[in-house]
Every structure is written in structure tokens, then in C-alpha cells.
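2 protein chains.
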Amino acid sequence: MDLKQVAKDTTKFLSSYLTYQAVRIVISQLSETNPPLAIWLSNFSATGKIQDGEVYIQELIEVDQPLAFRIMIVRAHLADEVTEFLPEMTIAAIAQANMQHRVHYLERVTQFNLSPESSDPDSI
Amino acid sequence: MDLKQVAKDTTKFLSSYLTYQAVRIVISQLSETNPPLAIWLSNFSATGKIQDGEVYIQELIEVDQPLAFRIMIVRAHLADEVTEFLPEMTIAAIAQANMQHRVHYLERVTQFNLSPESSDPDSI
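Going down the list, the protein sequences come from chains L and D. Quick note on the working numbering: the first sequence kicks off at 1 and runs consecutively. Quick note on the working numbering: the second sequence kicks off at 1 and runs consecutively.
The hints are simulated quantities; they were obtained by calculation from the structure and are not laboratory data. Just so you know, not all the hints are guaranteed correct.
One copy or two, either will do: identical chains are not told apart, so a pair holds if it fits within one copy or between any two.
EDC-like, lysine to aspartate or glutamate: derived pairs with alpha carbons at most 20 Å apart [unchecked claim]:
id, residue 1, residue 2
1, K12, D2
2, K12, E32
3, K4, E107
4, K12, E54
These numbers were taken from a predicted model, which means no experiment stands behind them.
I would like the entire structure built from these sequences, with the hints used as guidance.
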């Protein structure tokens, strides 16, 4: 299990995801201040190229540099403000989801083993 | 900018991504100990349903509960071991990428402004 590589891959993935969130925020801001540009950016971002945040930013710089720089500032802000909470939140979310899956499974198996002779819950 | 919502969405996303990484690790382990099962899990995981980690685990429990529980243990382990490094790594990665985009843009603009009268670097 190459944890170092997983950490590197996850960082790249997270960086692209925060770029996507930054784009959403900028589109939302533009929809109030400059609706035509919001629509343009929304169309530009809908082609799937946002899968790789760096390719996306690079291509946006070519056509609208101020907008690209604005998204870069927002994603850096998101990284500063949001990532510190992620370890605790993710560990808790996975622990909780794992527990729910186990409980759900146990309930199902218990139900299965009890039936058909005691399918009526009142008879248990 | 609803940072709380961004943090929640990112946590869900990260949790699904670590599930995907856990599946990759388990497939890699199985390819040495139980190749047919590795192929089966690889096919099962290739249908796009892994986009949502919880739906994926739920469906896998229905058909192979021990395998699903194994992936759940691995993803909890990844969350414990990997997430603590993510804030620092992601902030650094975005800061570095942003700087590279700015430098690249400035180089391009400078190049553009200098040419055509001084396209030969030696003449600068």
C-alpha cells in the first residue's frame, strides 16, 4: 500500500475539485454582476475539461486571463479556508458511513435468519 | 461564498475518492492472492457507480459482503493515514500551480510585446 502515492494522487484530485468549486463560486458571483459572462463561463466549463484543474486554468488564460486569475485567487482562498477541516471531517464521515453499512447489513442478515418462521416483528 | 457547504461537499467527494483508492489497493492485493476475484472486482467497479462511494459499497455488500467490508477497512485506514497531510499539500500545490500559471502568462505577454522588432533574444 503506497500511502505516499495515494496522498499525492489525492492532492491532485482535491486541487482539481477546489478549482471546480471556485468556478462555481465565480459563476454564481457573475450571475449577479455580469450575467452574459456567467453564461459564457458556464458553457466554457461544461465541456469536461475541468476534470484536470490545471489544463482548465491554462485554457481559460488563453481566452480570458482576468477571469482565470480570479478563479485562481478563489481556489487558493478555498484551499486556505476549507482544507484544514477536511481530515477530521473525512475520517468521521467514513467511520460513520462504515458503521451504517455494517448496521444495515446486520439488520438484513438478522431479518433473513429470523424469517420465515418469525416474520412478524411482534412475535419476536 | 458558503465555505461550510464547500467543506461538506469536498468531504463527500474526498470520501468517495478514498473509496476508489481503497478499491484499487484491494484489486492490486487480490491480483496476487486471488486473480479471478481481482478481475471480478475490477469489472464490478468499472461501471461508473464508484462515483458515489456509499452507493458502490451498498451494492457490493449485496453481492460480496466480505469484500465490501475489506474495502471499508482499507478506506478508513487511508482516511486515518493520508488526510492529515492533505491541507498542507493542497495549499502548497495550488499556490505553486497558480504561480506557474502567472509566470507562464507573463512570459507569453512579454514575448508578445517584444516581438516582432526584437524577436532575436541576443538583440535584447
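Treating 20 Å as the Cα threshold, decide for K12 and E54: within, between, both or neither.
Within one copy, since 10 Å is at most 20 Å while 22 Å is not.
Go through the copies and call it for K12 and E32: within, between, both or neither, with a Cα cutoff of 20 Å.
Result: close neither inside a copy nor across copies, 31 Å intra and 28 Å inter.
For the identical chains here, do K12 and D2 meet the 20 Å Cα criterion within one copy, between copies, both, or neither?
Within one copy only: 16 Å inside, 23 Å across.
Reference check for the pair K4 and E107, CA-CA at most 20 Å: within, between, both, or neither?
So K4 and E107 fail the 20 Å test inside a copy (37 Å) and across (34 Å) alike.
Checked against the numbered hints above, the structure breaks hints 2 and 3 and satisfies the rest.
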